[in-house]
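Asker: Below, each chain spelled out in residue letters.
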Amino acid sequence: MSVDTKSRNGAIGVSHGRTAPPEIPHVTANILPLLNILRFHTQESYKRLESLVEKLANTKTTSSDVNRKLALLDLIVSMRQDFVKIYTLVKWAQRSKDVSKLIDLLNWLRSQEYYFEGLSHGINELNHFSGAKLPSSDIPLALEVLVRGRPQLPSYNYIQKPPISPKIILKVLKDLNLALTARMALMDEIPHRFHNNYVVKDGRIIITIPGEFQVSITVANDLIIDEPCDYHKSPFFFIDFAFLFGINPETSLITHKDSKIVSALPKASREKLESVANQVLLNLSLLGLYEVLHKYSISFKLFLISRQLKDLSVNSKWRGNFQFKYSSSLIIINYWNNHFLSRSWKSFIEIGIDKKYNLNFRWFKNGKYELDHDIPDINGNSSDPEDAEDLSIDSILTTIVHKHSEKIMNKIHNLFNKTVNQSAASFLSPHQLLVELTPRKSTILAINPLTGFLFFTDPSPIESQYQAKINSVPSVTENKNFITEQDMIKNVVENLILIRLDMSNSFLRTKLITTEWIPNDFIKISENETSRLFSFITDLRSNPSYKLQFYRCRNWPSAWFLIYMLNGHSSKTHWWVARTKSIQGEWRLQWLKMLDTDSHSELDYKFLNNLSTSCSNLIIHHLITEELEQREVQYLRVNNKEILRKFNVPGDLTPQTFETVIALHNSGNLLPLSASSSTIFLVVKLSTEGTSTKLQLTMYGSLKEQKLGDVISFAHIDVKLHPDLLLFELLSSVCLNENNDETNESTSTQKLLTVLFESLRRMSALLISLEQLRASNIEVTRYDLSEICFKVHSFYKPFTLILANQVDGRKAQIIPDQNENSHVKLLLDIVNKDYAQKSNSLAGCFKYLQECVSIFRAAQSVNEILDSNELKLPNQLSRLRFDFKFQSLNKVHFIFNINSAHSTSPKKIQKDRIVFAITFARNKFDSRQILFFKFSMKDNMSAENLKFRKLFELIYRATNELQETCHSKKKSFVKLNYDFLTEGEILEPLMKKIAETFVSYVRSEN
Amino acid sequence: MTTSEFNQNTENEPLAAIASNLQSLVESLIELGVMVHDFQGTPQSHTALTHKTNQVVSLLSGLTNSPFAQQFPIPLDVVSYIEDGRNPDIYTREFVEVTAKTNARLKGKMLAFKKLRDVLGEKLVDEFPHLKPGVDDIKRKTGGS
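Protein sequences, first through last, are from chains A and B. For the first sequence, this note's numbering gives the first residue as 1, with consecutive numbering after it. For the second sequence, this note's numbering gives the first residue as 1, with consecutive numbering after it.
Think of the hints as simulated: they come from the structure by calculation, not from any bench. Note that the Cβ used here is the ideal one computed from N, Cα and C, for glycine as well. Treat each hint with caution, since some may be false.
[To be verified] If we take Cβ atoms under 8 Å as the criterion, some of the chain B residues that face chain A in the derived model are:
| no. | residue |
| --- | --- |
| 1 | H37 |
| 2 | F72 |
| 3 | V125 |
Using the sequences and the accompanying hints, generate a full structural model.
Answerer: Here is the structure:
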């Protein structure tokens, strides 16, 4: 700092040739000149004195002299005191100039002091230059750094140490070796794997764990510690570390070979490890060190494995076939990760540290750990490290996957052979299974160990279709959370069985189609119906693997099918013939017959050829027997030719002609036993002519000799007679092809025998009718298979009996002659009605008609009487009319109508009617057992008829006369209250009498 | 040194004159007081009083225009010292003492900073020899050798 050299006063004194110090600045503040003080005080005093004098002059009168004096005196005294002070001041003033100089000097000193203060503040301020930066290095500094390593400023006081001599080093090392050997010997707790695995040399302990790592440690002084509690006084220190394994550059596998491959640590890792190891050594000594390093090396191995895995997952055959998770202590490899069995970590290999802290693996599959496998350990800790294989994750994976595949294939093999009950599958190799599909065809089922998927070698289309099914999740287990291996194997075996089924089926299908069978795939039958099929087979009930197929022959009636069932397990076939029907969209088996095929284990052409024959026979047989059952005919199948011969039936039963002979039991319902025997034979013959199939039905029956005559008469129609053999033969032929299109099967099935049985029935009816007619002594005038003419009574004209014909639905009825009396025609209507209801009442009909003759005659007589006595009203209306009417078979009304002019109004005509009811009755008292007529007048007992009292009296009189005559003639004529019981003969005379009575009554009325 | 007596030098001559004037004035005032006290109302006394009063007034007048009184500076502190009835020599003494102390302290500081300057300069030059001219210049400027 520089002092201003200029004086404030501008006076620059120059003395002795050098500049004088500057003038001290003069201070004027708070300083007054003495003159000012004197002047102020004197003038003040003068003023006070002057004013007081004036005041005293003015107060001459108002104030006392004393007071005035006092005032003046006070002033004088105070003035005096003031001036005494002034005097003091003046006296002091002789020093005032010096004092003023001092004031200036002090002031100057203070200002200088202020400057110093500022200076020290400024220096102090330097301490606050923390943010101050050095300027960029200049070239000399840079050179110094470059050449010498650092700025070697002379002020550093650096003392150069002399170099340590090799001697000392050697000594220290020796001491250290000694100390280390002693410590190792005295140490109680040494990890067991460190025993015999360490060397003390070069001042360090080198511990080598084969296959894992090598570590060097030492101590910092030569203290010998023999108590574990003193360990902290001289803990071990970590020096160096290396892994004794690594990636084999030739194979890129993890190798332990003779520690040739040593993986040194990168610097960062080494520093980290050093701090960790020192920490552990300080706290836990060697035990901790082993643990840490062991884990470290295992983790490193795992890391190397994970790297291998990563490589494998990118560029190897394993690509896409496994996934893995890597954590510091565990690798989980999920192999077959596309396979449902293993997908999403269901099967995996864990590679990690086992309980002994060794690298090991665990195999998890099928929901549990697979511990019982004979795959060697992988930890590489085998006794001889020379032998230790390189640790290849590829080979581990391969081993396990192959093992798994092998197990699966074994299980498939076992289950399949167990299910199929034979040695249908055999091993070609552990991963290949030769599966027999049909006796002549087999396939190879193999497993791909990479993916776990099963495949067929050179698959056929069916096989590839099933291959997909085999490799997909089994449908039955879709709802389960976990699919076990067993489920999967079951699924595979099931599918294998299905393939077998399919193959056998297509094989059989081809055979069947070539032998002209037509497959039908539309029919599906329900469980219920299937179980009916199973009821034929004892060994199949619990077995769901089967295949049902429907076939039919071209010439078969519709709805008939050949069913065969293939058993998936035993490969057996079962054959049925069945008639199916679709009821509400569901197929039902209406009829079922199993074919006996045990003898035909080999499905050769011969068998298949015969199959159609035997099936057709079965169908025909069934159709016929069914019809027979419908007709309620008892029958028996004839298999013995001898019987036919015995009965003289010209049939032969060789199976090639497809003949069936059925013996029908004739209990009189088919043919009257009086005319034939109890057995009638039905010969069924199926013949194929060109495209049409014909069913020839022939019926043979024996005839009694005495009836031969009757039959001969209609032999010309369609009954063939063998009079020499006493045989008749009915022929019928049905073309089966025509029935193919028929939808209504009831008619088609019934049609087979209809013609034959109709003929038989007509024959029978004719025979019966003839017999009955003959038995009732009725003259048969003419007969053939459809009608019989006969004479019942001489009164009637001949009647014709039309025989029933089921073919055209005609019913049996009696038809009168065309010229017959109308009353008779009416009566026959009633009779026919009755006859239709009771088919065997033909004799009764005849009897009845004979009895009715009396009635007709009586009516005829009455009419004759009335006609001879014509009585008429004025308007030409007959006064008396007669009519009769069959109310029913057992009730005839004789009606008399009496017309009379009204008594009051002649124009009006009164109509009255009197009815006599005649019924057939028996008289229990009569011993002759003949039919009587009951003649009843009860219907007329009404008030209206009172006016005819006279008439009734006349009637009674007439009857009385008749009774007398009857008595005389010994005819019975019983008179009841209002009724009469008469013989048939009496009816006519009775009615004559009555008619005459009416006539006479009417006349008398006039 | 007290102020009871005037040094006989030329500088103090005006002061001595003023002092004698003041003595006369004080004496006159005493006399005047006596005269007032003893005033009888007689014409003589009246004349004497008037005379004396005029004498006082003329003395006052002489003091008002005291020559050379201008050159004596009086610090106000001294005035208040006298007002309070204290001895102004005490002020003088104290002032001298303060000045001496301050002077001594300042000298110490000067010496200390001089030493600091020398040491700092020396060290700077030691460490950074190229700063030597600057340091020397500062030393030279601040009176160092």
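Asker: Each of the hints needs a verdict: does it hold here or not?
Answerer: Now the hints, each set against the structure:
no. : hint : verdict
1   : H37  : holds, 6 Å
2   : F72  : holds, 4 Å
3   : V125 : violated, 12 Å
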